[in-house]
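Novice: Take the given structure of chain B and dock chains U, A and G to it, following the hints.
Those protein sequence lines, which keep their order, are chains B, U, A and G. Each position in the first sequence, counted from 1, maps to that position plus 12 in the numbering used here. Each position in the second sequence, counted from 1, maps to that position plus 12 in the numbering used here. Each position in the third sequence, counted from 1, maps to that position plus 12 in the numbering used here. Each position in the fourth sequence, counted from 1, maps to that position plus 12 in the numbering used here.
Keep in mind that a hint or two might mislead.
Heads up, the list lumps identical chains together, so a pair's fine if it works in one copy or across two of them.
Below 30 Å or equal to it, Euclidean Cα-Cα: the simulated DSSO-like pairs (lysine-lysine) are [to be verified]:
no.: 1; residue 1: K250; residue 2: K15
no.: 2; residue 1: K146; residue 2: K223
no.: 3; residue 1: K214; residue 2: K123
no.: 4; residue 1: K146; residue 2: K214
no.: 5; residue 1: K214; residue 2: K250
no.: 6; residue 1: K218; residue 2: K250
no.: 7; residue 1: K125; residue 2: K202
It should be emphasised that the hints constitute simulated quantities derived from the structure, not laboratory data. Computed from a predicted structure; not experimentally measured.
Take a look at the letters that make up each chain.
Number of protein chains: 4
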Amino acid sequence: MTKLERLKEELVTANRILAREGVVDSFGHVSARHPDNPGRFLLSRARAPDCIEESDIMEFTLEGEPIDAGGRAPYLERFIHGGLYEARADVFSVVHNHSPSVIPFGVTGKKLKPLLHMCASCGHEVPIWDSQDKFGDTTLLVSDMAMGRDLAKHMGANPTTLMRGHGATVVGRSVRHAVFVSVYLEVGAKLQMQAMQMGEIKFLTKGEVDKIVARVNDYTLNRAWENWARRAGREMQKQPA
Amino acid sequence: MTKLERLKEELVTANRILAREGVVDSFGHVSARHPDNPGRFLLSRARAPDCIEESDIMEFTLEGEPIDAGGRAPYLERFIHGGLYEARADVFSVVHNHSPSVIPFGVTGKKLKPLLHMCASCGHEVPIWDSQDKFGDTTLLVSDMAMGRDLAKHMGANPTTLMRGHGATVVGRSVRHAVFVSVYLEVGAKLQMQAMQMGEIKFLTKGEVDKIVARVNDYTLNRAWENWARRAGREMQKQPA
Amino acid sequence: MTKLERLKEELVTANRILAREGVVDSFGHVSARHPDNPGRFLLSRARAPDCIEESDIMEFTLEGEPIDAGGRAPYLERFIHGGLYEARADVFSVVHNHSPSVIPFGVTGKKLKPLLHMCASCGHEVPIWDSQDKFGDTTLLVSDMAMGRDLAKHMGANPTTLMRGHGATVVGRSVRHAVFVSVYLEVGAKLQMQAMQMGEIKFLTKGEVDKIVARVNDYTLNRAWENWARRAGREMQKQPA
Amino acid sequence: MTKLERLKEELVTANRILAREGVVDSFGHVSARHPDNPGRFLLSRARAPDCIEESDIMEFTLEGEPIDAGGRAPYLERFIHGGLYEARADVFSVVHNHSPSVIPFGVTGKKLKPLLHMCASCGHEVPIWDSQDKFGDTTLLVSDMAMGRDLAKHMGANPTTLMRGHGATVVGRSVRHAVFVSVYLEVGAKLQMQAMQMGEIKFLTKGEVDKIVARVNDYTLNRAWENWARRAGREMQKQPA
Numbered sequence: 013m014t015k016l017e018r019l020k021e022e023l024v025t026a027n028r029i030l031a032r033e034g035v036v037d038s039f040g041h042v043s044a045r046h047p048d049n050p051g052r053f054l055l056s057r058a059r060a061p062d063c064i065e066e067s068d069i070m071e072f073t074l075e076g077e078p079i080d081a082g083g084r085a086p087y088l089e090r091f092i093h094g095g096l097y098e099a100r101a102d103v104f105s106v107v108h109n110h111s112p113s114v115i116p117f118g119v120t121g122k123k124l125k126p127l128l129h130m131c132a133s134c135g136h137e138v139p140i141w142d143s144q145d146k147f148g149d150t151t152l153l154v155s156d157m158a159m160g161r162d163l164a165k166h167m168g169a170n171p172t173t174l175m176r177g178h179g180a181t182v183v184g185r186s187v188r189h190a191v192f193v194s195v196y197l198e199v200g201a202k203l204q205m206q207a208m209q210m211g212e213i214k215f216l217t218k219g220e221v222d223k224i225v226a227r228v229n230d231y232t233l234n235r236a237w238e239n240w241a242r243r244a245g246r247e248m249q250k251q252p253a
Numbered sequence: 013m014t015k016l017e018r019l020k021e022e023l024v025t026a027n028r029i030l031a032r033e034g035v036v037d038s039f040g041h042v043s044a045r046h047p048d049n050p051g052r053f054l055l056s057r058a059r060a061p062d063c064i065e066e067s068d069i070m071e072f073t074l075e076g077e078p079i080d081a082g083g084r085a086p087y088l089e090r091f092i093h094g095g096l097y098e099a100r101a102d103v104f105s106v107v108h109n110h111s112p113s114v115i116p117f118g119v120t121g122k123k124l125k126p127l128l129h130m131c132a133s134c135g136h137e138v139p140i141w142d143s144q145d146k147f148g149d150t151t152l153l154v155s156d157m158a159m160g161r162d163l164a165k166h167m168g169a170n171p172t173t174l175m176r177g178h179g180a181t182v183v184g185r186s187v188r189h190a191v192f193v194s195v196y197l198e199v200g201a202k203l204q205m206q207a208m209q210m211g212e213i214k215f216l217t218k219g220e221v222d223k224i225v226a227r228v229n230d231y232t233l234n235r236a237w238e239n240w241a242r243r244a245g246r247e248m249q250k251q252p253a
Numbered sequence: 013m014t015k016l017e018r019l020k021e022e023l024v025t026a027n028r029i030l031a032r033e034g035v036v037d038s039f040g041h042v043s044a045r046h047p048d049n050p051g052r053f054l055l056s057r058a059r060a061p062d063c064i065e066e067s068d069i070m071e072f073t074l075e076g077e078p079i080d081a082g083g084r085a086p087y088l089e090r091f092i093h094g095g096l097y098e099a100r101a102d103v104f105s106v107v108h109n110h111s112p113s114v115i116p117f118g119v120t121g122k123k124l125k126p127l128l129h130m131c132a133s134c135g136h137e138v139p140i141w142d143s144q145d146k147f148g149d150t151t152l153l154v155s156d157m158a159m160g161r162d163l164a165k166h167m168g169a170n171p172t173t174l175m176r177g178h179g180a181t182v183v184g185r186s187v188r189h190a191v192f193v194s195v196y197l198e199v200g201a202k203l204q205m206q207a208m209q210m211g212e213i214k215f216l217t218k219g220e221v222d223k224i225v226a227r228v229n230d231y232t233l234n235r236a237w238e239n240w241a242r243r244a245g246r247e248m249q250k251q252p253a
Numbered sequence: 013m014t015k016l017e018r019l020k021e022e023l024v025t026a027n028r029i030l031a032r033e034g035v036v037d038s039f040g041h042v043s044a045r046h047p048d049n050p051g052r053f054l055l056s057r058a059r060a061p062d063c064i065e066e067s068d069i070m071e072f073t074l075e076g077e078p079i080d081a082g083g084r085a086p087y088l089e090r091f092i093h094g095g096l097y098e099a100r101a102d103v104f105s106v107v108h109n110h111s112p113s114v115i116p117f118g119v120t121g122k123k124l125k126p127l128l129h130m131c132a133s134c135g136h137e138v139p140i141w142d143s144q145d146k147f148g149d150t151t152l153l154v155s156d157m158a159m160g161r162d163l164a165k166h167m168g169a170n171p172t173t174l175m176r177g178h179g180a181t182v183v184g185r186s187v188r189h190a191v192f193v194s195v196y197l198e199v200g201a202k203l204q205m206q207a208m209q210m211g212e213i214k215f216l217t218k219g220e221v222d223k224i225v226a227r228v229n230d231y232t233l234n235r236a237w238e239n240w241a242r243r244a245g246r247e248m249q250k251q252p253a
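If we strip away everything but chain B, and leave its shape as in the complex, we get (with noise of 0.2 Å):
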């Protein structure tokens, strides 16, 4: 297999992780920078993030362009991902999800902070990007690369950002990293809108964030991929280069 196959193959079982584990429903989507050209982004044809197969995965360029897309149609917001993989070099792979738990953080505007180690790759900082502020009354959805842009910008070297009735988008350095994140975003806001009805929290120190975010490596994140694929009746693989 090629690196683009198996990156591909890497993809499929991204989506289903994600529906499995609750953080995509009939929407969302997750990307990956081509392995073999920086300036291309692979993500799937318009369609539930559970029915995803090999043969749905497209090739499109920075500004959302699909190379050869032979009938299928795209997702919208594919603007998201490339703003962001223009905007930053160290984003390899992009998740954008309604999440369940962390639509009420973008609501209402309470900052979703790192609360257990688990979720501290969530970052220091989790922004709110609100798309009334620019771009006024709109769906919500990002469908240009204006909209794109401002939420690279807006979102800066962050590894997350809430997006106001609308949702959150989520960065990593592979595929599995910014499963890994998202997934533990959606637990961690989960646990602080419980916290937050019992007291006063204490949330990892900005020390403490930074240890444990050093020390996420690939070793933690094959254990949880390799329970989350099987939950998802996927088999486990290596990680793509």
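Specialist: Coordinates of chains U, A and G only, in the frame set by chain B:
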């Protein structure tokens, strides 16, 4: 297959989806206007949604009279459906449910409003119909046309209404549309309950709701339907004409 | 099949349903009055509800003495069942459970009341029995007839009672009825917990409860039973006489 | 089968049960003291609990040194287990988890206390260990014997302890006992979070806790184990000696 046969299949799938997605339990129902005769509608005999088969689908006049019952007992609450098809020519499908997260809104009188783009289809306003107001102490069931018509009148041109101590009713321009609105009404209600505990909520603006509602097309509905049908163990079919 | 054999099958299905619907976990039990001898009742040997088979069903006197135990160890708390069959000729089935959503009501003393038509069967009043009041520090288990009789006395003519720090007990005119009331007691408790956080609750009126309770007939019970039996992997059978 | 082989099978089942019951996700672990050598313990190689097989179970000294690793990578946090086996001769099994409902207690400092008879086994007092107190900014992981011993010292003679921002650790007199306490610690934490929103809680009295703890025997543990093993797709076995 005739248009009628396709629509019966569609209704079976709709019932299974609503059960699988937690919108109905052993009770609740979904109907469609007859494809050849706008003065009739199709609805299952009285049976739990997840058990329904094609042969359970009966035909009714808009006043709830069964055509050729063939020994099948109808749902008592068929008048919800009749009342709405009679009042609104724009309605081609009706879902009645006891969707868990909407109940607390109905009994506290708190207004359910869209805070997530996926939930805009519940409309600007979700009225609450209280059978007590006009009919006093009843079983709360919509058991005749007088009640069905009163519900339809109270609902007005809105896509959804809550029913105090009872559940919700949702209409759509197709079966897939009514199912979509029903699923995301439940999603939105759960999110709003959580967000209300956290602080002031920034709901979607009126302009955002209008723009999103205008964009929910068959494409969107089919993406969700493919996923839900698969989860419910039903084949994805083309949408009936 | 004899009436007794049918009823044993019904009890197995009831156990599986209660487990599948989250009303019991590895503990909790359901019994039926003997169809031929009102001075006896049927209850499984001490085993987790989801594991129970026909051969596990034992026969007991109303004082909890096993008839022909055949080496099978009984539940310690069989006195809950005996106490209720002894006190109330209207009772043909008893469910005892640790249904999760009812526990917070028992330990806070907040009154559980019906707010949804499906939940009216829990009755106008759900008393809370506290074993501490009469028996002081115990394991909280109803471990002899003195405790079983005290519980029955406290419950009075009500269909349900909570037990502080322990769970709930529900009675019915048939196995299907007791299971139905148990499932919707859990549903109603969860909804009430949510609604209490949102504001003042409009509960069902006394008249509404009476009207609904009068209407819950075998037809209603069988619709739910068909669905629940299927989910629990058991065949739908005619209700035993 | 030897005693050692039986115990390895038991540990595999324990891992699968903890995963199935939601006490562990892709992380967390359960160990047992070696049946023939109290100076050793058994623990899986670093792998997600639901994926573990007999050949993954490794042997360690109480200081966490692997005996005959055979290329298998150990869990970093094996020192939690070593520290507890070293400090307490009464401990034969240890579970470490990130059980979701206990996390909010750890980060808010609210005391988790038994309110349900099934949960009495968490003990009169659930201390909260904060790695920050003695070790400052770390990854929060118990990554050497100094931390393992400090945790064991803080836990004292209690059956459970929370770990701030991290999870919980539970000990037992057998694998089944430690699993039982872990499952009901999660159940109790969830119930207490709900009850705290409703009003003043009447917790179990000290006398009630003592009486219940004294009564939790192998009989109780086996009833739950049969049910949980079946749900996890594992055969029910006799408890290892």
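Novice: Against the earlier hints, flag every one the structure doesn't satisfy and list their numbers going up.
Specialist: As far as the earlier hints go, 5 and 6 are violated by this structure, in ascending order.
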